[in-house]
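If you're matching them up, the sequences are chains A and B in order.
Heads up: the first sequence is residues 3 to 440, going by the working numbering.
Heads up: the second sequence is residues 13 to 260, going by the working numbering.
Hints are supplied without guarantee of correctness; some may be wrong.
What the hints assert, rightly or not - Dumping the calculated BS3-like pairs for lysine-lysine here, alpha-carbon to alpha-carbon at most 30 Å: (1) B:K17 x A:K8; (2) B:K242 x A:K397; (3) A:K426 x B:K120; (4) A:K421 x B:K120; (5) A:K397 x B:K120; (6) A:K138 x B:K30; (7) B:K122 x A:K431; (8) A:K416 x B:K148; (9) B:K122 x A:K426; (10) A:K45 x A:K8; (11) B:K177 x A:K384; (12) B:K120 x A:K384; (13) A:K384 x B:K30; (14) A:K397 x B:K177; (15) A:K421 x B:K134; (16) B:K52 x A:K426; (17) A:K397 x B:K90; (18) A:K339 x A:K250; (19) A:K250 x A:K384; (20) B:K26 x A:K384; (21) B:K177 x B:K17; (22) A:K426 x B:K148; (23) A:K384 x B:K235; (24) B:K242 x B:K257; (25) B:K177 x A:K421; (26) B:K52 x A:K384; (27) A:K397 x B:K134; (28) A:K45 x A:K80; (29) A:K384 x B:K90; (30) A:K97 x B:K202; (31) A:K431 x B:K120; (32) A:K384 x B:K242; (33) B:K202 x B:K238.
As the list claims (entries may be wrong) - Computed footprint of chain B on chain A, listed as stretches where at least three residues anywhere in the stretch have a Cβ under 8 Å from a Cβ of chain B: (34) 31-38; (35) 399-409.
As the list claims (entries may be wrong) - Only some residues are given here: those of chain B computed to face chain A with a beta carbon under 10 Å: (36) L94; (37) F96; (38) P99; (39) E101; (40) P103.
Simulated from the structure, these hints should not be mistaken for laboratory data.
A virtual CB, placed ideally from N, CA and C, is assigned to each residue, including glycine.
Below are the chains, spelled out letter by letter.
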Amino acid sequence: MELKEKLISSFMAFEESVDVHSDLHDVRTSALKNFETKGFPTKKEEAWKYTSLGAILKNDFSVFPKTDGAVDFADVKKYFLHEIDTYKVIFIDGKFSSFLSSTTHDGLDVCLMSSALTKPKYKMVIDEYFNKVASKDESLTTLNTAFALEGAYINIPKSKVVEKPIEIINFSTGNEAALLVQPRNLIIVGENAHVQIIERHQSLNDNPVLTNSVTEIFARKRAIVDYYKIQNDNLEASLVDNTYISQKEQTHVSVHTFSFGGNLTRNNLNFYHEGEGIDSTLKGITIIEGKQHVDHYTLVHHATPNCESHQNYKGIFGDRSTGVFNGKIFVEKEAQKTDAFQQNNNILLSDKATINAKPQLEIFADDVKCSHGCTIGQLDDKAMFYMQSRGIPQKEAKALLMYAFSNEVIESIKIPELKQRITKIIAMKLGVNMGFDL
Amino acid sequence: MLQIKNLHAKVEDKDILKGINLTVNAGEVHAIMGPNGSGKSTLSAVIAGNENYEVTEGEVILDGEDLSELAPEERAHKGVFLSFQYPVEIPGVSVTNFMKTAINESRKAKGLEEMPANEMLKLIREKSELLEIDRKFMSRSLNEGFSGGEKKRNEIFQMAMLDPKLAILDETDSGLDIDALRIVANGVNKLKSDKNAVIVITHYQRLLDYIVPDFVHVLYNGKIVKSGGKELAYELEEKGYDWIKNEN
Chain A
3 MELKEKLISS FMAFEESVDV HSDLHDVRTS ALKNFETKGF PTKKEEAWKY TSLGAILKND
63 FSVFPKTDGA VDFADVKKYF LHEIDTYKVI FIDGKFSSFL SSTTHDGLDV CLMSSALTKP
123 KYKMVIDEYF NKVASKDESL TTLNTAFALE GAYINIPKSK VVEKPIEIIN FSTGNEAALL
183 VQPRNLIIVG ENAHVQIIER HQSLNDNPVL TNSVTEIFAR KRAIVDYYKI QNDNLEASLV
243 DNTYISQKEQ THVSVHTFSF GGNLTRNNLN FYHEGEGIDS TLKGITIIEG KQHVDHYTLV
303 HHATPNCESH QNYKGIFGDR STGVFNGKIF VEKEAQKTDA FQQNNNILLS DKATINAKPQ
363 LEIFADDVKC SHGCTIGQLD DKAMFYMQSR GIPQKEAKAL LMYAFSNEVI ESIKIPELKQ
423 RITKIIAMKL GVNMGFDL
Chain B
13 MLQIKNLHAK VEDKDILKGI NLTVNAGEVH AIMGPNGSGK STLSAVIAGN ENYEVTEGEV
73 ILDGEDLSEL APEERAHKGV FLSFQYPVEI PGVSVTNFMK TAINESRKAK GLEEMPANEM
133 LKLIREKSEL LEIDRKFMSR SLNEGFSGGE KKRNEIFQMA MLDPKLAILD ETDSGLDIDA
193 LRIVANGVNK LKSDKNAVIV ITHYQRLLDY IVPDFVHVLY NGKIVKSGGK ELAYELEEKG
253 YDWIKNEN
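Construct all of the structure, not just a fragment, from the sequences and the given hints.
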């Protein structure tokens, strides 16, 4: 049976197995209907012109894992930023692992989506926020909505500054021959609150995994949200990340996406403005090789005056790897004095590597500052010779140049341990020891 | 120390060096002068191992070893240093980190341990003072936004850090005002010893007032057409390059 049919036919059984608020049945049912009509996206659609899920969907994915995968702490602790100094919401094959997690209800909620969706005390919040910013017609998002059950639920009350970063990690164990997981995260950050969140998907063996995740983030007035996505999965794991962010006035939300691993990665990152004085930051570093594929599909919807958005994506593509950057900035008529900036720089290390870059600016206001720049190049010969003539071997010189190329984005990581971690991953990817602390 | 024998080189099928012969001994300063397009910068690039230039004939021998098969970094490890006419900007890499990497890679190639951090700092302090470089400079991205003079001073600072056997200064005087010229020349003179050698490549005689050469060679049309002592530089300044052109 094809995956689409398999999903549709299992929907009723799924609905019966979960006990959620009745209102959600309607949300799920109409989401499923949308998915049924649209199906999985194909290259015929403009938004998926350069990314094909075809080969991946041929896997016979288990939709609901049968067994409870167990993992040893010792085997996975290297994926944590900290053993103790972070809140953790950890999932194994889509199921919550209380053993590995460190959740809280003390002054803030860092817990489970399944509780939030089923327990009466969360009903009001769920009614107000769940599926309110996520797309209701994008097929993969609606597929996730139809089966939404588990993920992280984070609710930061007014004026709370969360001192510890929150880690959301989804492990897959390979207990199933092939696994489809659909995490669903809901993050609400209250007025004047501040939170740092790190999200990671990690497969622990070589069985194929497809993750179709949806994250909704709501930033209330003057909230600050720093969100980091680490995509350094193994070569059998593919990820479609759908993130929707709603920003109220004077909020600062930044999302950094580090794409180093995985088979196919598609990031749909959407920002919606609902107030003045908003600041949105979208940054990314992609370093891939082999036949890896990373597609960044961003949208910043400027709907209100006096807001800023900053995009800066760097990509380094080796071997036959392929990259896509599609950055859409939409400025509505009301959004005067918008300052929107988009930068996308790429280095191709081989003749067989490909990048498709497409900035899209749709501007309906007349008093705005919008700029975009896109470059595609090779490593600079002159810089290489300069460094080599100082005694730095070719491999190290290359690595230093690539590190320097990514540095602008690395520098803006606000969690020092994470900055170190990312630079270490980059040095490992480049196969060098730099001779100084990166 | 350095012997260049019948060196021919071309870039993109254009012959530029057409049989250069030059011997440089330890303790000597050689100036190579010549009009634009005579092959001065090509000669320096070829000695340093720039792969955009193809050596078609002849040899470059350093301390008895033919350099022609060596990569630029291997030549650097053997003591060749080129001060660039146009130093390259490398955003995102600080001067300090660049120097640490360069020095430790050289040490690694020689089978030595990395230089301890405090020793490195001491060396940086000492050499930056020699070139009158502000310490704040060290944390800036290499050459990015540097003025012409700052770039050239930074080149000589790198030379001081790496302590080469053979330093080639390619048009180090271009873009320098008189104060910067004095600082750069002073730096070079202090680094000079009877164990190393300097080749100064320049269009004008001006720099040679400060870095006094033992020998002056005139390069024209890919060949050394005249050699002499430092007085040759004054003669050139007086008569201009047309004198050379007319004779050849």
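Straight-line alpha-carbon gap B:K52 to A:K384, limit 30 Å: Cα-Cα ~18 Å, so holds.
Hint consistency between A:K138 and B:K30 [alpha-carbon to alpha-carbon, up to 30 Å]: violated, 73 Å
Agreement of A:K397 and B:K177 with the hint, judged by alpha carbon distance not exceeding 30 Å: holds, 25 Å
Per-residue hint verdict: B:L94, partner chain A, C-beta under 10 Å: holds, 5 Å
Distance restraint between A:K397 and B:K134, which requires alpha-carbon spacing of 30 Å or less: holds, 28 Å
Hinted pair B:K177 and A:K421, Cα distance within 30 Å: violated, 40 Å
Given pair status - B:K148, A:K416, alpha carbons within 30 Å: The hint holds at about 24 Å.
Restraint check for A:K431 with B:K120, where alpha carbons must lie at most 30 Å apart: holds, 22 Å
Satisfaction of hint between A:K431 and B:K122, Cα-Cα up to 30 Å: holds, 26 Å
Straight-line alpha-carbon gap A:K339 to A:K250, limit 30 Å: Since the Cα atoms of A:K339 and A:K250 sit roughly 17 Å apart, the hinted pair holds (cutoff 30 Å).
Pairwise hint evaluation, B:K90 against A:K397, where the allowed Cα distance is 30 Å at most: holds, 19 Å
Pair hint B:K202 and B:K238, alpha-carbon separation not exceeding 30 Å: holds, 29 Å
Hint check: violations occur at hints 1, 2, 6, 16, 19, 25, 28, 30, 32, 34; the rest are consistent with the structure.
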